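Colleague: Can you make the complete structure from the sequences, with help from the hints?
Next come the chains, spelled out residue by residue.
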Amino acid sequence: MCHPARPAATLLRVSIPTREALTERVFQLLRDEILDVDGSFTARSNLLEAGLDSLAVTQLMLSIEESTGVWVDESLLTPEHLESAEALAALLYEQLSGA
Amino acid sequence: MRGVPPQLPAHLPLTGADCFLRAFEHEIRRCAGSSHSSQLVLRLGPGFDAGIFTKLVEQVARAQPIVRAPIRRRLGVGPPAYCTRAAARRPLPEVAVHDSPAPDAALPARFAARLNQPLSLRRGELLRFDIVRYAGGAAGTDLAASWAHLLFDGAGSECFVRWLDACFRGAATPEITPDPNELAPAERPERSLRERGEGATRWQRWVSALGDPPMRSLAGPLRRTRQSLRYDVHTFSTQETARIVASAQRRAGFLTPMLFYLSVAIRAHHAVFRARGVDPGSFVVPLPVNLRAKGAAAAVFRTHTSLLWFHVPSSETGSLDALLAVLKQQRLDAIRSGHVENGVYAMDFARFAPTRLYAHLARSALRGELCSFFFAYTGEFLDGLDHFLGSEIRNGFHVAPVPPSPGSCIAMSLYAGHLNATHVFQDDVLTQREREIFAAQLREDLLA
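Chain order of the listed sequences is F and D.
Under the numbering used here, the first sequence has 32 at position 32, and the numbering climbs by one with no breaks.
To convert a position in the second sequence, counted from 1, into the numbering used here, add 99.
Honestly, the hints are just simulated from the structure, not real lab data.
Every value quoted in this text rests on a predicted model; they were computed, and no experiment measured them.
Backbone N, C-alpha and C fix where the C-beta goes; we use that ideal spot for every residue, glycine too.
The reader is advised that the hints may include incorrect statements.
What the hints assert, rightly or not - Residues on chain D that point at chain F, a partial pick, calculated with CB under 8 Å: (1) Leu-354; (2) Thr-355; (3) Ala-392.
Modeller: Laid out in structure tokens, this is it:
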């Protein structure tokens, strides 16, 4: 879902990555910039258990917006989407593809 | 350095958020003769041993000088700091044990009275406990931990309780090694001094703009009056709470239920203004943001927060869902603008300012007001901890402090399937009738 304050979001879009690239990007953002995790954190680790909270999710969404130009409304998220970086990336890919 | 664990420096500077709270502390002492104290309450079942608890507190205080460290500016300049070297000469935290014949649904009056008794930061009076035993403890015990708000934030106080319990069970020792975040709150990404300065300036401009249109709190602008805080605890049944939690998640999203609770709190305050026939103009409310590193070991001491400010014209409080939509948008805009980080930078720079100037600046943007009211939602309280020192925890919650102006604060949390909404207020700010109006609106919106 595009953010209402960004009606021209799709015009600003830089590029929509492939699903695999998006998964890798989400995983890297979480591991390197948002979460304080050790080497055991993988793309299949549970994000809530790893400490992801509302602020972190918003920061992640803003990073995604920065690289794709599309805002994904965080209210679309359910606990299932935060079971792993893979699951989250799947939702993002679905939203970005449909934007 | 005798008595000081090697991990803690002799002078541990306060964080920016600590200094923010220290400014309140000084202002309340100066204008209201009291302190900015927080409280955590545990309502316990039978079997709690006050003697064991007292001994445990002594062990922890001897091992962790920060809990009784005088707070001063080093050589009168620079940011204020915990003087951990001087802590060993300070008294241990007070543990007062009282007896009462029978348990009561209402909390002991001495708990609220504690909030109005001054602490001396300069003398290291930072933490104390009140224990009320019913029938010698056989019928249960109420425990209140009261502390200078800058010693712990809400999350830190829960970490402290968990740690005490872990020490009791032998799962931890009083000589814990401070988490690195204890010494320097997590911050990422790194910013240059210039970037921090620019961010702090942007934050200051943002906060200054909150005064337009003007707002007023229930208490009105800063006044000299003796602090006389009381509180009402509204506890909802498990059935009601399940309904409330589902409603909060459906309306605000499962990650941001606090916005639902904040909407409800704004409307409860507005109901009182309506009953008075007064238009507050707008509502200005700060929301604490937990800045602990996501997923890192929890920092116990000091406050690790920034503030997100919300500013809503009173005309937009008519519908709960419309108000919620405004708050969601404002939260997103503030995070997008970097105001979470900017707030940290601003508070860090202000550490060097004289305390009175600090408090003056905080109020000058809002014509003598600080905000409409204080609000906190801390989610699950002591999540997963159902016993404390071997005694069942029947209920537990936070009591957040508030200066005589704005005079009203509401803190919400969940324990064992119950929502607790603790409304703290200055005694002369709300009449009995207004307290009933507030509670009725709160209940109506939560269960809407």
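Colleague: Let me make sure I understand: some of the numbered hints might not hold for this structure. Which ones are they, in numerical order?
Modeller: Going through the list in order, the structure violates no hint and respects every one.
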